[in-house]
Structure formats: structure tokens, C-alpha cells
Amino acid sequence: MTPAARTAAALGAILLWRVDAAAHVNSPHIYLEEKIGPYAAIVVAHMPPAMPGEAEVQVRLSDRADDDPIEVWAREIPPAGDATAPEWRRMRSSEADPSYFTAPIPFTLFGLWHEEIRVKGSRGEGVMRFPMPARVPMPSTMAPALAATLTLLVGLLYVSQWQLLTDIGRDATLPPGARPSPADARRGRTCAITGTTLLTLFFALTGVSWTLYDARQQMLGSPRYQAELSAEGGPVAAGRPATLRLVVRDRRGNPPQGLIPDHGKLMHLVITKDPGAGFFLHAHPRLVDAGRFELTFMPPEAGTYRVFGDLLFDTGESTTITARIDVTSGHALNTYAPKLDDEDDSWARQAPIGTVSMDARSAEVGDGLSMRWVDAPSGSLSAETFHKLAFELVGPDGQPVASIEPYMGMAGHLLIVRDDMGVFVHAHPTGTIGGRMAMLMRQESAGMGAMHQASYAPRVTFPYAFPYPGRYRMWAQVKYAGVIRTGVFDVDVR
Amino acid sequence: MGVRRVPWTSWAALAAALSMLVGWDWDISWHRSIGRDTAWTPAHVAIYISLAIAFVANALVVLDSTFGRNKSAPGVKVLGFRGPTGAFVTLFAVLMQFVGILFDVWWHAVYGVDAAMFTTPHSLIALGIWIFFLGQFLVTAREVNLTAPENRPLVVVAILIMSMFIGYVMIGNDPTYGPLGVRSQAFMISCALLVPFPLLLIQEFLDWKWAGAVCAALYFAMAFVLGQVFQLFPAHPRFGPVYHRINVFLPPAFPLLLVVPAAVMGWIAARRTGRLVTFLWLGIAFVAVFTATNWATSAFLASPAARNRFFWGHLPGTVFMEGLRIVPPIRANAEGALFVALAVAIATVSAWSGARIGHWMRGVVR
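Just so you know, the protein sequences line up as chains Y and A, in that order.
According to the working numbering, the first sequence holds residues 172 to 665 in order.
According to the working numbering, the second sequence holds residues 2 to 367 in order.
What the hints contain is simulated information worked out from the structure, not anything from laboratory work.
Keep in mind that a hint or two might mislead.
[Claimed, not checked] A few chain A residues facing chain Y, derived, Cβ under 7 Å:
no.	residue
1	Val77
2	Val79
3	Gly81
4	Thr86
5	Phe89
6	Trp107
7	Thr121
8	Pro238
9	Phe240
10	Tyr244
11	Ile247
12	Val249
13	Ile331
[What the hints assert, rightly or not] Below are the SDA-like pairs computed for lysine to any residue, each with C-alpha atoms no more than 20 Å apart in a straight line:
no.	chain 1	residue 1	chain 2	residue 2
14	A	Lys78	Y	Asp355
15	A	Lys78	Y	Gly297
16	A	Lys78	Y	Pro347
17	Y	Lys206	Y	Gly297
18	A	Lys78	Y	Ala354
[What the hints assert, rightly or not] Computed Cβ-Cβ distance ranges for the label pairs, DEER-style:
no.	chain 1	residue 1	chain 2	residue 2	range
19	Y	Leu458	A	Leu339	51 to 61 Å
20	A	Ala335	Y	Leu369	29 to 39 Å
21	A	Leu339	Y	Pro353	40 to 50 Å
22	A	Trp296	Y	Leu323	32 to 42 Å
23	Y	Ala349	A	Ala16	32 to 42 Å
24	A	Ile327	Y	Pro209	44 to 54 Å
25	A	Ile327	Y	Ala625	51 to 61 Å
26	A	Ala40	Y	Glu535	49 to 59 Å
27	Y	Pro353	A	Leu64	29 to 39 Å
28	Y	Arg395	A	Glu323	55 to 65 Å
29	A	Ala40	Y	Thr499	33 to 43 Å
30	Y	Glu555	A	Ala16	42 to 52 Å
Keep in mind the model is a prediction, meaning the values are calculated, not measured.
Heads up, the beta-carbon is just placed ideally off N, CA and C, and yes, glycines get one too.
Excised from the complex, chain Y in its bound form:
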């Protein structure tokens, strides 16, 4: 192997080197259904695949009259605040659908950004604002074809510089017709060796700077908070209540600052069985100390369980911490009837994903009631396509019930996991932004008071798009006759 070929191979190895991106379980995009001034709007924010990068915000005004000449503007508010925001930019309207507007939103740095949308039409005008945390997963692999092409091209650079310097070092100064002497040939070789050495030195230095840059980006892009889970009194056994302790810390080991309750709870926690998501617990652990939460958990059977905990900060930013529990076999249970810590806690059991039909669109929720997935597709759904996932509570007579009660301040909650536990989402009728935040946002946007309602219509819709293909399980939760009703639905997303 010549020195040139060796170095090319080494560089090829650098090109193929990569690290796995840190785990992000939330779906990256934001879906909202809100009023902007007098207009009802569905807002979708597609976050960029890498940071810094460009998001796309889409606004659909669902109640715009055909002759209403509407203008929609957008601007992003950087983490440093309103004073540093760029000017309002007009959103582009679609030719096919004049009620549909899009705008690119560039993100230049990590942190908590806000997006503002301004609508102006004949019915009046209004502004809506929502948080957009710029912390997104980074793809960190190079396609093999590109890696091979680049390696080949770098090899070509080496070969051609060797040849070039050998030839011009030897011949460039020779008069026309003269033949190179051995001294000329030596000079050519010296030039080529010098060039190869300098080029290799250059690649080595840039390789080091690449490694450092990558490590910094990975750190910036990784989740800010980690959770450590332990159980009081040793391993968790099936059928026995255990006290779980969840300690949340930032990268420096400090407890999180500025936690605020999201629809009344400091943490919304979901525990589900892996694989298959056959068991589901939606619980609200107690805060016992800064960053330390506790809850009682009685696993129905042995195996691995995944834990997802949503936290909301006073900045409007939210984060999902993840953990895992390994449960040993313990008591055999005839009936599973766990004691729950909080009146808003709830659980559900269902056969694992894949062992039941993916097409069931109605679920029993107790007391003869059932929950229907309204307007559900018969087959699969498309990834990244916006859906209004609608669920309706139906009485024993087959008719929708008259009304449902608020469950933690809103009509319903929808929890979604993908069967490999790579995606976890806690969605609300207002969208994917936490309830308290959505409420604050609405107050800011519309100047309205608190949004608590005594009852809701039996049909609840959740604006959402599944981010990636895969098999998903959804738990749609509403409250009726004082009981939390959980409908379990599976869906194939392609």
C-alpha cells in the first residue's frame, strides 16, 4: 500500500465514523388548534432535522370566508427576547388553497424560541404565540454511498496531487524538448513527498477539529435532563406494590429549576410494558425533594417496563425524561387491582401490539360504555400527515353520551407510543403543547380569562401527525361519571 492509499483509507475510516444520537422520544413537530384573533386556525410547526436549521410553520384557517382577503405574518422570537426578533415576514399562501399559509422559520441557536403568528382579515386581527424549543435530534450517519463517494474523491485528491507534484516538480522548468535528469526526477519525488505530508497533516488537524465539533454538537443536542430510577427495598417484583424513586438531574448533576405544574401536576408519567405496550399506567408522582419524585407502582407481570415523564418549566419549555424498570417474577395475580396514589392516575391492560387486530376502531371502557375512533381510516395512516384524531364516548345504547367531565382541566388526553418505544407523545385537544402552556398562550393571544369548563361534548379531537412510520398504540382518556375511561387503539403508520 502506498502512503497515499494508506492515508486515503484512514480518511475513509474517519468519514465513516459516527456516534449514535442521544435518545429523543418526543415527536419533534408541534401541532396546535387555536384561535388567532377571530379566526380558527390549525398550526403545524415542522422542526428542522438538524440545528441550526430551518423549521416550516404551516397555518390553516378553517373558518375563513372565500372573499375574506386575509394576510398572515410570522416572526420568530429568539431566546434572547422580543428585542432581538427579526421583522414580521408575510407567510406565503397556497395557490390551491388560499386559507393555507406557510413560512420558513430559521433557528440559529439552541434554546427556547417562540413563534408569533399574526392574522389580519375583514373580521379583525389577532396574534398568537407559542413556544418552540430548538433542541432536536441530530441525524448522525453518513449514507454509505456518499461516504464511499467522498472516500473515493479524497483518494483521487491524493493520487492526483502525488502525480501532479512528481511531474511538475520534475518537468515544469525544463526547456522544451529537454529530457529530465536523475536530479530532476529526485526533485519531483521530493515535491510529491512534501505535498503528501502536508495534505496528511491538514487532514489530521481537520479530523481532530471535526471530532471536537461533533462532541460539542452532540452535547448541545442531547436531552438536558436525565432521570435515575430506583426502587425502595430492592428489585421490583410482579404483583407487589413498590415505591419507585425518580431523581431528575441536569447535565451538571443539579436538580431542575423552574418546574411548574402542567394541568395541575408537576410530572405526568407513563409506564408501559416493553415490548408490546400491553400495560399502561398514567400516574403523577409526588415531589418529595428538589428533583426527587416518588410513586407507588405495582407491576402486573415480570418483564421490562419503560417510563416516560413529562416536565414543564416556567419558560414554557417541556422535556420528557425516560427510564426503565426490570421487574422480576413475584406473585401470580388473579385480578390486577392496584392502589393508585392520585385520583387522576389511571391504568389499562390490553393484549400487546401485534397480537390484536390493528383495525379495531372501538374499545370497551367499562360500564357498558365504549370509545369510538371517529373518521378513522380502515387501513394505515401516513407518517408526517396531519390528522385530527377524534374519539367519541358512546353509551350502552350506541349513542354518544350527553357530555363528559373535565379530566385534569381539559376534555381529554391522548398518549401515544410506538411499539419500539422510540416515540412517546402526550397530546391535548389544543395540540402537542402542555395544557397549562396552551392556556397561558390562549390568554396572551386572545386576552381571555381562565378556560375551565364544567363539561365538554363527548367527541374529543387531537391535532397530530405521526412523525415516523411504525406500529403505534394510542390511549385516549376522558372522564365520565367520575371515572377515567381509557380507550386503547392501535394504528399502523407508513
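With chain Y fixed as given, assemble chain A onto it according to the hints.
Chain A only, in chain Y's frame:
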């Protein structure tokens, strides 16, 4: 003797060098004033035009020398092709930039849009451009050597290309550090590496002691004109955070008074030609005069007297940063002394290799 013709390959080299320099200055200004760009901004187009001119012109020359009418013209043989040395160097530089751009596209998909200037692919592109300017100069240098007696217009073209080369090297004078950034150790070291090389190259090639100073003066004039022109055009930031509401293109840093160290180096090199110790003197002279000149001019540029359109001292480095990047000046202690010694060593090698290659170029006839 009369005015002699400048061959079309030299005109092409001059056009490509100019388009490359203006394109990069413009692109960097775009990033500091507007922020967001696409593959088809006018600044990028200027760079593509430069690459296209260089690639087409030199590929034509190589094809013609290998297969066409010019088969008997003197040239070097590389990978089975025949052609002038400068053409091959330029084509190699285009290939290197192409690899860098391909790598850069992937880089942005993984790490996001331009967040840092000195990334791995950018370094590869920067090295490619450096070789590119050298190649464009070589295209003309060979013509100068082949046309005796002296072809004055051709020499002027060579001097212009070299002053653009210096202009390109001076892109490293990053305005986000402010005028006082030129007092830093890092700036001294990087200039010690990059600046003596072209100054000594042109002086040795033309065997004229003021050649480096003339190129440095032309660089100053070009950068000054560009700075005035940039301020004529509107530019609105397209993303936040926006810390300065300036709605014109921010020009590059005010040019350095390189002409002073260049003149001193030219004078020393002419008096003590050839001996190795001369280069040590050149290294010392460069570091001393360059640093002293920068110290004085940066004091002026940072003062209220420069806060006007003429010296553009009132403009921020970028609208996207609140203040300037802070970088400590050369320290008057052991660490500072070590950096100065390192800079002298690097400047000595840079001057020596510039002179060596300039001397070699004087003999390039193929």
C-alpha cells in the same frame, strides 16, 4: 516593443480570481448582514462563475494540448494528459473545492446551517481556494516567462492576481472580533503563516523589491473600494436574534496596512538575497512591523474618529451578535514571548517557501 498581447488564459485567470474574491467577501458579508442563504444567492453564483471559468478554460487548454492542435506545445504530463503546469494546479484546486462542497452539504444536513466558519469541510474548501489562486497565478507566470522581452500588461495581470490572492488570505481578518482582533496571538500566528508567502513569492518571481508592497497596496485599494460599495446595497436580516438594526451589507474588516511590512521585507530581501539567515531577518521584520502597524491602525479604527462611512468603524461585526468576540491581545509575558518566537519561526518558513516557489516559478516554461 509596443503593447504586447495578454493571452486569453491569463484574462480568464484574472476574471476567475476576481470573481472568487468578490464572491467570498460578498458571501461572508451576506452571512453577517442577512444570515440565511440558499445555494443560489448572487454571492454563491459569483463563486460558481469563478469555478466555471477556471474549470472550462483550463480543461480546454489541457484537452487541446493533449489531443488538439497544441500537441507539440511544451507542457507537463499528468495522469496521461498534457498541459501547462498552472492548468493542472487549477484543475486540482477545483477538484478539491468540489470534494469540500460535497462534504459541506452533508455537514449542513447533520450539524445544521453555517454556525461556525472554520468547520472541517470549510477548511478543505479554503485550502482548495488557496491552491486555486496559486494555480491562476501560475497560468500567468508561465506566460510571463515565455514572452521575453518583458510583457508589461501581462506582468500587471500577474500582480493583480497576486493582490487578489492577498485579499483572499486577508478574509481571515474576521470583523466579528472588531478592529482590536488584529492584536491577538492567534491572528499574529495565522498571518505569519499566510502573509509572507505571497509577498515573497511575487517579489522573487518578478525580481523586483517593491513587488510585494505594490500587491499589498493594491489589496488595500480593492478592499477599500469593496467596503464602500458594500455599504451602498440594502440587506435585511432574515433571522434572529438581531442585535443591530443595520440595513446595508456589512463590509469586510477595514483593510490592513500590509504595505508597510511588505515594503520593509522587500527592502531586506533585496539587500541580502539568497542566504538562509535573510529569511530569519524577514520573519523577525514581518512580526515586528506587522504587529506595530496593526497596533497603531487598530487603535485608530477603534476610536471615535473611525466611526464614519469612510472607515466604517460604526458598523458591527455582524448584526447577529450583541458584542464583539473577545480575544486577548499579545501578552507581555513569557507566554507572549513564546508566541512571538513561534510567529517569527512560522513567518521565516512562510517567507522562505514563498521565495523558493517564486524563484522556481521564474523558471516554469511548461
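Here's how the hints hold up against the structure:
no. : hint                            : result
1   : Val77                           : 5 Å, holds
2   : Val79                           : 5 Å, holds
3   : Gly81                           : 10 Å, violated
4   : Thr86                           : 5 Å, holds
5   : Phe89                           : 6 Å, holds
6   : Trp107                          : 6 Å, holds
7   : Thr121                          : 4 Å, holds
8   : Pro238                          : 5 Å, holds
9   : Phe240                          : 4 Å, holds
10  : Tyr244                          : 6 Å, holds
11  : Ile247                          : 13 Å, violated
12  : Val249                          : 15 Å, violated
13  : Ile331                          : 23 Å, violated
14  : A:Lys78 x Y:Asp355              : 14 Å, holds
15  : A:Lys78 x Y:Gly297              : 71 Å, violated
16  : A:Lys78 x Y:Pro347              : 13 Å, holds
17  : Y:Lys206 x Y:Gly297             : 9 Å, holds
18  : A:Lys78 x Y:Ala354              : 18 Å, holds
19  : Y:Leu458 x A:Leu339: 51 to 61 Å : 54 Å, holds
20  : A:Ala335 x Y:Leu369: 29 to 39 Å : 30 Å, holds
21  : A:Leu339 x Y:Pro353: 40 to 50 Å : 43 Å, holds
22  : A:Trp296 x Y:Leu323: 32 to 42 Å : 48 Å, violated
23  : Y:Ala349 x A:Ala16: 32 to 42 Å  : 33 Å, holds
24  : A:Ile327 x Y:Pro209: 44 to 54 Å : 50 Å, holds
25  : A:Ile327 x Y:Ala625: 51 to 61 Å : 58 Å, holds
26  : A:Ala40 x Y:Glu535: 49 to 59 Å  : 56 Å, holds
27  : Y:Pro353 x A:Leu64: 29 to 39 Å  : 32 Å, holds
28  : Y:Arg395 x A:Glu323: 55 to 65 Å : 24 Å, violated
29  : A:Ala40 x Y:Thr499: 33 to 43 Å  : 57 Å, violated
30  : Y:Glu555 x A:Ala16: 42 to 52 Å  : 46 Å, holds
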